[in-house]
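Protein sequences, first through last, are from chains W and G. So for the first sequence, our numbering puts the first residue at 81; every next one is plus one. So for the second sequence, our numbering puts the first residue at 134; every next one is plus one.
FYI, nobody ran anything at the bench for these hints, they're computed from the structure. Where hints are given, some of them may not hold.
[Stated by the list, open to error] Computed far set for chain W versus chain G, every beta-carbon distance over 12 Å:
no., residue
1, V164
2, G170
3, G345
[What the hints assert, rightly or not] Computed, partial: chain G to chain W, Cβ under 10 Å:
no., residue
4, M166
5, G257
6, P267
7, L341
8, L370
As the structure is a prediction and not an experimental result, all values here were calculated from the model. All C-beta atoms in this analysis are idealised placements derived from N, C-alpha and C, irrespective of residue type, glycine included.
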Amino acid sequence: MATTAEVRTGADLTAPVRPIRRPLLARMWRERWMYVFMSPGLIFFVVFKYIPLLGNIAAFQDYSPYLGFQGSAWVGFHNFTRLVTDIDVGIALKNTLIISLLQIVFAFPAPIALALLLNSVLSGGVRRFVQSVVYLPHFIGWVIVIAIWQEVLGGAGLVSTVLQNNGMHALDFMTNPSTFKELITAQVIWKEIGWGTIIFLAAITQISPQLYEAAVADGAGPWRRLWHVTLPGMVNIIVLLLILRLGSVLTVGFEQILLQQPAVGADAAQVLDTFVYYRGVLGGDWGLSTAVGLLKGVVGTLLVVGANRLAKRAGTEGLF
Amino acid sequence: MAERAVRPPWMEKPSALTQTGKTVILIVLTIVMLVPFIYVLAVSFSSPQDVRGGGLILFPVHPSLGAYSAVLAGGVVSKSLLVSVGITLVGTAASMALTVLMAYGLSRTKEVPGSRFVLILVLGTMLFGAGVIPNYLLVKSLGLLNSYASLILPGIISAFNLVVVRNFFMSLPRELYDSARTDGASEIKILLTIVLPLSKAVIAVISLFYAVAYWNDYFNALLYLNDTTKWPIQLVLRQFVLQGSPITDATANTTAAQQPPAQSVQMAIVVLATAPILLIYPFAQKYFTKGVLTGAIKE
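Isolated chain W, as found in the complex (with noise of 0.2 Å):
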């Protein structure tokens, strides 16, 4: 194949200039440095990607890491209805499904709010200051993240003592199981909707300004032009980032729950992926964990899918 290459080529040297398809060898032979450069990156992506997913096999054993996959018993879909009589997998699932809702409700819409006000400021400097402040958050890590508001909501924080030197009662906002949803969702809003606003900063300057001048020339304020022309400008990416989202209802935050899970308990704070972490990795009963895990991939992966397709029937190019 090689070399009927290089007869070809060596004519179409001189003869006059015509795009040819080399064969497939040649090709990647040509190309033999874009092979180097993915490679490292396409190994990465097999081993600690790909490989693991074999892993889920243990879902379907009694497994045990002293015996492998290899001596462990095989025990059919028996951690499949393990899953659906165990009381814990419920929880799990109820407080996932409520923190979901809690914020896609509130913790959604809330850089869109943000992303409209800071468009009407007509200062770039007040705009520009104010975005660089509520950026930030989104660079600060859970834990740090969590250790502030503790120092500023928990028992011993600054609200309680301005409330206790006042001669009212301390609050502590941090170890209240039956607020902790609406906490943590706080605590998303606080973290994020700066950095939200981006991409919807970005539609908006999307908007061509001739629409504005036409509204203005019929004489709209202020709110019909953020009715009629602003939002309608803006309503794709919020449907396709809505979409997506209730496509990750199964996902909230995890690293975040599981830093105050010991303050308030499993029963308000017990969320599918916390769930897997501690029956499995800390208890020790890896085949039901494991099994708990898979099921939640599955099913998200469909949910996004299916999001995805929705994304696209309603008019949005969708994500891929």
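Given the structure of chain W, go ahead and fit chain G onto it with the hints provided.
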């Protein structure tokens, strides 16, 4: 978001009421975001007499470096800071090298046979992951438990960051590559001397994303490191501030009389765990929008 020299007709000054409303919201927002940081910073520099009174401290009246000298005197905190700095530097450098190389390798899927398949493998990992337990079992079977490599290798390339860099490379003008190739330049030379110098913005943003991720990570360390002396700063912060371990364990070489207030020591740890991010933040900030939005371009 471009600054307009002349204010367009639809951007007339709003009514006084709207203007006041907006100003109030923005001021409240700024306070809610900034005051906690200022308060933490002030407490960390406060002397015992400042802290004893309690209440809102925005400026230490009797500033003291006691908390910092206690935690930086060579105990657990200093060790963990060194670990975190090391992991962040090595990890970010390794991640950037692998990400840039692979992004470049995948930037001409039409011409490089098979590279579209590799790209699909990469994109697939954005859809599904194996979950905590299979990952743990893999790291265990590779013999990486309790090693610093376990904090870097499992997440050395982020598919999202890779796609952002790749899209940026693809947005560069085609002629640049073609003319260099006609001149007989090797791919590595094109990457180093033509592509990278034009990609400073995306390199800056993606390095920041990686560095922040390594610096803030605690879960990999919690999962893979049994040896607490190897812990990074975030786990030490969790131990002394969130879990309330006795603060004397965090301070070295101090007698009880010299002991700074526990609250100040805790906040000093918070400040030390935040400082590196605050130091890089202003430099990378101007590239944020560009970095985030190039990733949004569809394949």
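Okay, the hints, checked on the actual structure:
At roughly 19 Å, the least C-beta separation between W:V164 and chain G is larger than 12 Å, which holds for a residue marked as non-interface. Every CB of chain G is more than 12 Å from the CB of W:G170 (nearest about 20 Å), matching its label as outside the interface. Taking the minimum C-beta to C-beta distance to chain G, about 15 Å, the non-interface status of W:G345 holds against the 12 Å cut. A distance limit of 10 Å between C-beta atoms decides the matter here; for G:M166 the minimum to chain W is near 5 Å, and the interface restraint holds.
Given the 10 Å rule on beta carbons, the hint for G:G257 holds: about 8 Å separates it from the nearest Cβ of chain W. Given hint, G:P267 at the interface with chain W, holds; its Cβ is 3 Å from that chain's nearest Cβ, closer than 10 Å. Taken as an interface hint, G:L341 checks out: its beta carbon lies about 8 Å from the nearest beta carbon of chain W, inside 10 Å. Look at G:L370: its Cβ gets to within about 5 Å of chain W, closer than 10 Å, so that hint holds up.
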